[in-house]
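> Protein chains in written order, with this note's numbering: chain A, 1 to 107; chain B, 1 to 108; chain C, 1 to 332.
For the record, the hints were derived by calculation from the structure and aren't laboratory data. Hints may be right or wrong, so weigh each one.
[To be verified] If you want the ones that stay clear, here's a sample from chain B, every Cβ over 10 Å from chain C, calculated:
| id | residue |
| --- | --- |
| 1 | 7 |
| 2 | 12 |
| 3 | 50 |
| 4 | 73 |
| 5 | 78 |
| 6 | 89 |
| 7 | 92 |
[To be verified] Label-pair restraints from in silico Cβ distances:
| id | chain 1 | residue 1 | chain 2 | residue 2 | range |
| --- | --- | --- | --- | --- | --- |
| 8 | B | 22 | C | 167 | 52 to 62 Å |
| 9 | B | 11 | C | 196 | 38 to 48 Å |
| 10 | B | 77 | C | 241 | 36 to 46 Å |
| 11 | B | 15 | C | 6 | 39 to 49 Å |
| 12 | C | 157 | B | 9 | 26 to 36 Å |
Just so you know, these numbers come straight off a predicted model, no measurement behind them. Quick reminder that beta carbons are idealized off the backbone N, C-alpha and C, glycines included.
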Amino acid sequence: MNSDTFLLACVLVLLLTIVLGLVRVVRGPTAADRMLSAQLFGTTGVAIFLLLAELRAEPALRHVALVYALLAAVTVIAFVRRFRAAGAATGAEPEAAAETSPTGEQR
Amino acid sequence: MVETMAILREWLALGLIGAALPFFLGGTLGLLRFPDTLTRIHAVTKADNVGLGLLVTGLILRSWSPAVSAELLLIWVLVLSAGATAGHLVGAAAREDQEPAPPEGGGP
Amino acid sequence: MKLLLAGLDLVLAATLLGLAWAVLFSRGRFRAVVLFVALGLVMALVWVRLAAPEVALAEAAIGAGITGAMLLAALPRPGVAKPRRRSPLEQAAINTAGAGVLLLLAGAAYLLLTLPPGQIGPGPATLEAMEASGVTNRVTAVLLNFRSFDTLLELAVLLLAVIGAWALGRWRPQAAAQAVNPILLTLVRGVMPLAILIAGYLTWIGDWAPGGAFQGGAILGAAGILLALVGRPLPDLFPHGLLRLVLVAGLLVFLGLGALPLGLGLLFLQYPPEQAGGIILAIEAAAALSIGLALALLVYVQQQRAPDAGSTPAAGAAAQAAPERDGTGGAR
């Protein structure tokens with residue numbers, strides 16, 4: 001087995017872990033579990049892109065990994081904010097209340 | 001001498017990349033098997049990020065170029081910080097689910 | 001090695017199909033959105049496997065990030081929408097459509113396996129014209145020079161989408177009424193300059209490496225969405241007039257620079273080869289800004305509706321105060 005085959009095998013294993021993670025998305029049971037799965041996809045996806053960049057000797061794929069890392073973060077944050085918007089009681093955490101945006105007050 | 005160093009580096013790199021796999025697998029396994037959301041956060045954020053760190057180290061050894069290494073490290077730090085923040089946020093959200101903040105007027 | 005590749009392709013294809021089915025028929029909408037984000041990731045991997053890094057870059061940026069946020073923003077508040085039951089007619093239509101798609105796929109697979117392989121890659125005419133295109137990256141040459149008319153129209157379509165969305169609803173980021181976690185704010189403060197830098201870098205390298213205006217714009221859009229998520233949406237940070245200018249800047253610059261050759265006796269969009277590189281870069285820079293702003297603003301346009309039972313009083317007040325602000329917003 002040469003190194004390229006080994007790397008490809010690693011890619012396959014990581015892809016299978018993503019498929020396994022999908023089970024958690026489907027089963028839930030809470031939205032938080034699904035958000036966690038999104039986080040898993042982000043990290044494992046970055047790993048796969050980095051391995052593929054090495055395999056195909058394409059530096060552009062490292063840029064894809066960087067972009068994906070950035071955007072997976074935005075996605076998870078969007079998920080969480082959406083979830084909190086749904087169930088947030090009026091009593092937000094005290095330490096975060098000070099950070100309410102000024103425009104929030106003016107509205 | 002240089003060739004042996006290169007061969008050593010290559011083997012070490014492949015070893016590190018291979019060592020990263022169980023961490024990724026463990027992270028997913030934890031996500032599937034741990035009893036509740038709060039414990040699953042540990043699996044996803046810790047195991048996967050360590051796996052990614054090992055992978056990045058292996059790739060740095062393999063490429064041995066400053067530009068590539070810088071980009072790889074940047075990616076890792078980004079994933080770490082984003083993962084930490086996301087873990088915190090999801091944890092706070094899950095916590096609210098379990099113990100909702102005391103309502104103002106009394107009564108949910 | 002070949003076996004592994006086949007295995008990888010098989011897993012990718014099966015996951016793609018399975019995810020697509022799951023997204024369409026998932027019982028919960030939130031679950032469907034998360035599955036859709038996963039679908040974006042698998043799609044990007046497929047693009048890599050098909051040796052299309054530019055598309056993979058765009059898919060990672062748009063499919064995984066922006067579309068996810070857009071779908072989330074479009075979800076109704078949980079508990080407000082009641083799940084509909086499907087009538088037997090609807091179910092029959094869905095089943096027929098599904099069977100039809102599967103049939104099409106089977107036919108395509110058969111053709112793929114039996115027809116002789118065609119030519120992969122650019123034709124001889126494209127390769128000959130590359131010298132005069134002003135750039136080295138073939139995809140950018142096609143998008144911004146050979147078929148620049150299509151890209152021009154795409155920018156116009158994006159602008160029309162923003163105008164259309166605004167005609168139907170109001171800009172209303174959901175996070176405006178919430179308290180923001182200080183840890184999140186710190187992350188955003190660190191990520192924002194990085195995102196802008198990466199967006200600029202990707203736009204700039206589009207001339208010789210996978211990248212370009214759409215990829216850079218998508219990252220800027222994600223940065224704008226992130227700002228809106230922490231309660232500092234772009235319309236609050238910049239004068240509305242400036243935002244409107246930036247929105248149309250991409251299209252205007254494209255039209256303007258496309259009209260320049262007319263003065264030299266050439267056709268519209270027929271860039272002279274010596275200046276083509278510079279022209280393309282200028283267009284990409286303006287377009288990236290416009291695309292980013294358009295995407296960021298599209299995500300949080302919501303329909304005007306009465307405050308629902310599920311929203312907090314603060315959000316309700318925000319919903320009622322927002323129309324007044326939008327009404328006088330043009331004065332800023």
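> Now tell me if each hint is right for this structure.
Verification of the hints:
For residue 7/B, the condition that its CB be more than 10 Å from all CB atoms of chain C holds, with the nearest at approximately 21 Å. Non-interface status of residue 12/B relative to chain C is upheld: no Cβ of that chain comes within 10 Å, the nearest being about 23 Å off. At roughly 20 Å from the closest C-beta of chain C, the C-beta of residue 50/B stays outside 10 Å, upholding its exclusion from the interface. No Cβ of chain C approaches the Cβ of residue 73/B within 10 Å, the least distance being about 13 Å, so the stated non-interface status holds.
Not every CB of chain C is more than 10 Å from the CB of residue 78/B (nearest about 7 Å), against its label as outside the interface. For residue 89/B, the shortest C-beta to C-beta distance to chain C comes to about 6 Å, within the 10 Å cut-off, and the non-interface label is violated. The Cβ of residue 92/B does not lie farther than 10 Å from every Cβ of chain C; its closest approach is about 7 Å, which violates its non-interface assignment. Separation of residue 22/B from residue 167/C is about 54 Å and conforms to the stated range, judged on CB atoms against 52 to 62 Å.
Judged by the Cβ atoms, the range 38 to 48 Å given for residue 11/B and residue 196/C holds: they are separated by roughly 40 Å. Distance hint check for residue 77/B and residue 241/C: the Cβ-Cβ separation is about 38 Å, which falls inside the suggested range of 36 to 46 Å. The hint said 39 to 49 Å for the Cβ distance between residue 15/B and residue 6/C, and at roughly 27 Å that hint is violated. In this structure the hint that residue 157/C and residue 9/B lie 26 to 36 Å apart at CB is violated, the actual value being about 50 Å.
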